[in-house]
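Enquirer: Residues per chain, in single letters:
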Amino acid sequence: MMQINDTQAVIVEREMPHSAEKVWRALTQGPLIEAWLMKNDFLPVVGHRFSLRADWGTVDCEVRAVEPNKTLSYAWAAYGLESVVTWTLTPTDTGTHLRMEHAGFRPDQQQAYQGAMGGWQKFFAALEQVLARMD
Amino acid sequence: MHAEPTAVLKILSDPTRRAIFERLSRNGEMTVHALTDPSGVSQPAISKHLGALKRVGLVRGRRDGRETYYSADPKALAPLIDWINFYSTFWHNRFDRLEDLLKRMDQ
Chain L
184 MMQINDTQAV IVEREMPHSA EKVWRALTQG PLIEAWLMKN DFLPVVGHRF
234 SLRADWGTVD CEVRAVEPNK TLSYAWAAYG LESVVTWTLT PTDTGTHLRM
284 EHAGFRPDQQ QAYQGAMGGW QKFFAALEQV LARMD
Chain A
-15 MHAEPTAVLK ILSDPTRRAI FERLSRNGEM TVHALTDPSG VSQPAISKHL
35 GALKRVGLVR GRRDGRETYY SADPKALAPL IDWINFYSTF WHNRFDRLED
85 LLKRMDQ
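If you're matching them up, the sequences are chains L and A in order.
With the first sequence counted from 1, adding 183 to any position gets you our numbering.
The numbers in our numbering rise by one with no breaks, and the one at position 14 of the second sequence is -2.
Simulated from the structure, these hints should not be mistaken for lab results.
For clarity, every value in this text was computed on a predicted model and none was experimentally measured.
There's no promise every hint is true.
What the hints assert, rightly or not - Here are the computed distance ranges between Cβ atoms for each label pair:
1) L:282 x A:58: 28 to 38 Å
2) L:212 x A:-2: 27 to 37 Å
3) A:73 x L:213: 20 to 30 Å
4) A:10 x L:212: 45 to 55 Å
5) L:200 x A:6: 44 to 54 Å
6) L:248 x A:84: 21 to 31 Å
7) A:90 x L:265: 31 to 41 Å
8) L:200 x A:73: 16 to 26 Å
9) A:27 x L:250: 56 to 66 Å
Unchecked claim - In silico negatives: residues of chain L with every beta carbon more than 10 Å from chain A:
10) 227
11) 243
12) 267
C-beta: ideal position from N, C-alpha, C; glycine also.
Can you make the complete structure from the sequences, with help from the hints?
Expert: Here's what the structure looks like:
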């Protein structure tokens, strides 16, 4: 977890004993993305809108940056959260250092949801809205 | 320890289960009979939904004589409300799956 201005980010980093080209394929080819992340209609084209679909909900996305084998970034909107996911691939002696930053968690947004805990209507209305867009 | 956040979302993505959880949140403790009456859903179906809600900790059951009284536990919603924790769990889990996939892929 990290603080950037007024927003926070989730960062996961891992050494992968595979080439950057191979990791890039897993991050950008629809059937491969489905194998580890979610069902999707992803295309590695800036401005392309796509959705990620799981049995727990849908994430609305838009491609922001594509630099083959190096960096991939897309907007990630789900359940009222407006955020951005950025992948960075760095070749190492043994493979690839893979970094994922999911940024844009606003502390006030967290509080808004916590506040909604008391008001069930608000929480369920938001949930209802997102679930209605599923399928 | 909370259930996997996606498991909680999956359970709540069913409108009937969500309605049951909402009613328990508003009304406090209720029996299966009380939950069955106005809903038009059969008692076995309600019981099955309650079982699913209990598995992820959204609902608790308290036995008293022949009746079981069910109540909502809003604490189980915490992983959905704390998005940072939600996505931290989510992404670590997805990295594991990505690693597995890379092992299976051709060079």
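Enquirer: Now, for every hint given, state plainly whether the structure supports it.
Expert: Results of checking the hints against the structure:
In this structure the hint that residue 282 of chain L and residue 58 of chain A lie 28 to 38 Å apart at CB holds, the actual value being about 35 Å. The hinted range of 27 to 37 Å is satisfied by residue 212 of chain L and residue -2 of chain A, whose Cβ atoms lie roughly 32 Å apart. Separated by about 25 Å at the C-beta atoms, residue 73 of chain A and residue 213 of chain L satisfy the suggested range of 20 to 30 Å. Checking the proposed 45 to 55 Å range against residue 10 of chain A and residue 212 of chain L shows it holds: the Cβ atoms sit about 46 Å from each other.
Remark: the range hint 44 to 54 Å for residue 200 of chain L to residue 6 of chain A is upheld by a beta-carbon distance near 48 Å. Separated by about 27 Å at the C-beta atoms, residue 248 of chain L and residue 84 of chain A satisfy the suggested range of 21 to 31 Å. Look at residue 90 of chain A against residue 265 of chain L: about 37 Å separates their beta carbons, and that is inside 31 to 41 Å. For residue 200 of chain L paired with residue 73 of chain A, a C-beta distance near 24 Å keeps the hint of 16 to 26 Å intact.
Evaluation of the 56 to 66 Å hint for residue 27 of chain A and residue 250 of chain L yields a pass: the beta carbon distance comes to about 58 Å. With a closest Cβ-Cβ approach of about 17 Å to chain A, residue 227 of chain L is found to remain outside the 10 Å limit, as its non-interface label requires. Distance check for residue 243 of chain L against chain A: the nearest CB is about 15 Å away, which clears 10 Å, and the non-interface claim stands. At roughly 12 Å from the closest C-beta of chain A, the C-beta of residue 267 of chain L stays outside 10 Å, upholding its exclusion from the interface.
In terms of the numbered hints stated before, the structure departs from none.
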